[in-house]
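A.B. asks: Taken in sequence, the protein lines are chains B and Z.
Sequential numbering of the first sequence, starting at -9, is according to the numbering used here.
Sequential numbering of the second sequence, starting at 677, is according to the numbering used here.
Just so you know, these hints were derived from the structure itself, not from any lab.
Accuracy of the hints is not assured; some may be wrong.
Quick list of the computed label-pair ranges, beta carbon to beta carbon [said to hold, decoys possible]:
| # | chain 1 | residue 1 | chain 2 | residue 2 | range |
| --- | --- | --- | --- | --- | --- |
| 1 | Z | Ser717 | B | Glu49 | 17 to 25 Å |
| 2 | B | Ile2 | Z | Pro716 | 30 to 38 Å |
| 3 | B | Ile85 | Z | Thr729 | 43 to 51 Å |
| 4 | Z | Pro716 | B | Ser51 | 25 to 33 Å |
| 5 | B | Ala42 | Z | Pro787 | 24 to 32 Å |
| 6 | B | Asn63 | Z | Val735 | 29 to 37 Å |
| 7 | B | Arg98 | Z | Val731 | 28 to 36 Å |
| 8 | Z | Val731 | B | Trp17 | 32 to 40 Å |
Straight-line Cα separation of at most 20 Å, EDC-like style, residue types lysine to aspartate or glutamate; simulated pairs [as the list claims (entries may be wrong)]:
| # | chain 1 | residue 1 | chain 2 | residue 2 |
| --- | --- | --- | --- | --- |
| 9 | Z | Lys728 | B | Glu90 |
| 10 | Z | Lys730 | B | Glu90 |
| 11 | Z | Lys679 | B | Glu90 |
| 12 | Z | Lys679 | B | Glu69 |
Calculated from the model, a selection of chain Z residues having no Cβ within reach of chain B, i.e. all distances over 10 Å [what the hints assert, rightly or not]:
| # | residue |
| --- | --- |
| 13 | Val694 |
| 14 | Ser699 |
| 15 | Asn701 |
| 16 | Thr710 |
| 17 | Lys728 |
| 18 | Lys730 |
| 19 | Ala742 |
| 20 | Ser750 |
| 21 | Leu756 |
We put the CB at the ideal spot given by N, CA and C, even for glycine.
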Amino acid sequence: DAGITQSPRYKITETGRQVTLMCHQTWSHSYMFWYRQDLGHGLRLIYYSAAADITDKGEVSDGYVVSRSKTENFPLTLESATRSQTSVYFCASRIRGQGEQYFGPGTRLTVT
Amino acid sequence: LAKTTQPISMDSYEGQEVNITCSHNNIATNDYITWYQQFPSQGPRFIIQGYKTKVTNEVASLFIPADRKSSTLSLPRVSLSDTAVYYCLVVGYSSASKIIFGSGTRLSIRP
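Isolated chain B (complex conformation) (with noise of 0.2 Å):
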């Protein structure tokens, strides 16, 4: 079905191991993005993308990683986890000149 994907689903890890979590959408959108959201609190953009090998800083870019070889991929890499990025991480994508975000079901991760 069309839509945007992400795995996994769910994901424990340890302290200062490498992390990746794919998004995926089927769409062609321009614009991707990735958000984390902490326990009781709202959403905050970590990275985005305009395009297919354009990628911009949010407000939380420390320690993540991303790249966009293909416009439907999008993952990001945490390249050394740390217990502050237990979260979950929501993909979301929209159309350039667009308001609406779709947003994908969320990556449950924590980090012991």
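Given chain B, put chain Z in place with the hints provided.
C.D. replies: Okay, now just chain Z, sitting in the frame of chain B:
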């Protein structure tokens, strides 16, 4: 970046109209106002978007005064299923957009 301020929480009853106001004092000329709804364990879902005056869709209405420094999301005849967190965002279109969600308004609907 235009930051937004919303009430932390609101309570209402089924069948009532609920109005959630958001302030965005430093909104830029090219910015739009967008509202999202989020249920527990789900990603946010787009509700409505507007630039000025009034916008209405099948779910809600959005009222934006002439100075655009605030906006009000109006939910008509709410039901228990409208219990959620509502986020007001200011989104720019003139360039690759940076977006701040804020803490949102936790709306609780009672029978």
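A.B. asks: Does each hint fit the structure? Answer for all of them.
C.D. replies: Against the structure, the hints come out as follows:
1. For the hinted restraint 17 to 25 Å between Ser717 of chain Z and Glu49 of chain B, the CB-CB distance of approximately 23 Å keeps it satisfied.
2. Between Ile2 of chain B and Pro716 of chain Z the CB atoms are about 21 Å apart, so this pair departs from the stated range of 30 to 38 Å.
3. Under the hint 43 to 51 Å, the C-beta atoms of Ile85 of chain B and Thr729 of chain Z, about 24 Å apart, miss the expected range.
4. The given range of 25 to 33 Å is respected by Pro716 of chain Z and Ser51 of chain B, whose C-beta atoms sit roughly 27 Å from each other.
5. Ala42 of chain B and Pro787 of chain Z have their C-beta atoms about 50 Å apart, which leaves the hinted 24 to 32 Å range violated.
6. Here the CB-CB span from Asn63 of chain B to Val735 of chain Z is close to 31 Å, well matched to the stated 29 to 37 Å.
7. Under the hint 28 to 36 Å, the C-beta atoms of Arg98 of chain B and Val731 of chain Z, about 34 Å apart, fit the expected range.
8. Taking the beta carbon of each, Val731 of chain Z and Trp17 of chain B are about 24 Å apart, not inside 32 to 40 Å as hinted.
9. A distance of roughly 17 Å separates the Cα atoms of Lys728 of chain Z and Glu90 of chain B; the hinted pair therefore holds under the 20 Å criterion.
10. A threshold of 20 Å between alpha carbons decides the hint, and for Lys730 of chain Z with Glu90 of chain B the separation of about 18 Å falls inside it, so the pair holds.
11. Between the alpha carbons of Lys679 of chain Z and Glu90 of chain B the distance comes to roughly 18 Å, so the proposed pair stays at or under 20 Å and holds.
12. For a cut-off of 20 Å, the pair hint linking Lys679 of chain Z to Glu69 of chain B is broken: about 30 Å separates their Cα positions.
13. The non-interface label for Val694 of chain Z is consistent with chain B: the shortest C-beta to C-beta separation is roughly 19 Å, beyond 10 Å.
14. For Ser699 of chain Z, the non-interface assignment is confirmed: its Cβ lies about 16 Å from the closest Cβ of chain B, beyond the 10 Å cut-off.
15. Its beta-carbon lying about 19 Å from the closest one in chain B, Asn701 of chain Z satisfies the requirement of being farther than 10 Å from that chain.
16. A beta-carbon of chain B comes within 10 Å of the beta-carbon of Thr710 of chain Z; the shortest separation is about 4 Å.
17. Every Cβ of chain B is farther than 10 Å from the Cβ of Lys728 of chain Z; the closest lies at roughly 14 Å, confirming the non-interface assignment.
18. At roughly 16 Å, the least C-beta separation between Lys730 of chain Z and chain B is larger than 10 Å, which holds for a residue marked as non-interface.
19. Distance check for Ala742 of chain Z against chain B: the nearest CB is about 20 Å away, which clears 10 Å, and the non-interface claim stands.
20. Interface exclusion of Ser750 of chain Z from chain B stands, the closest Cβ pair being 18 Å apart, more than 10 Å.
21. Once the 10 Å rule is applied to beta carbons, Leu756 of chain Z is consistent with being away from chain B; the minimum gap is 21 Å.
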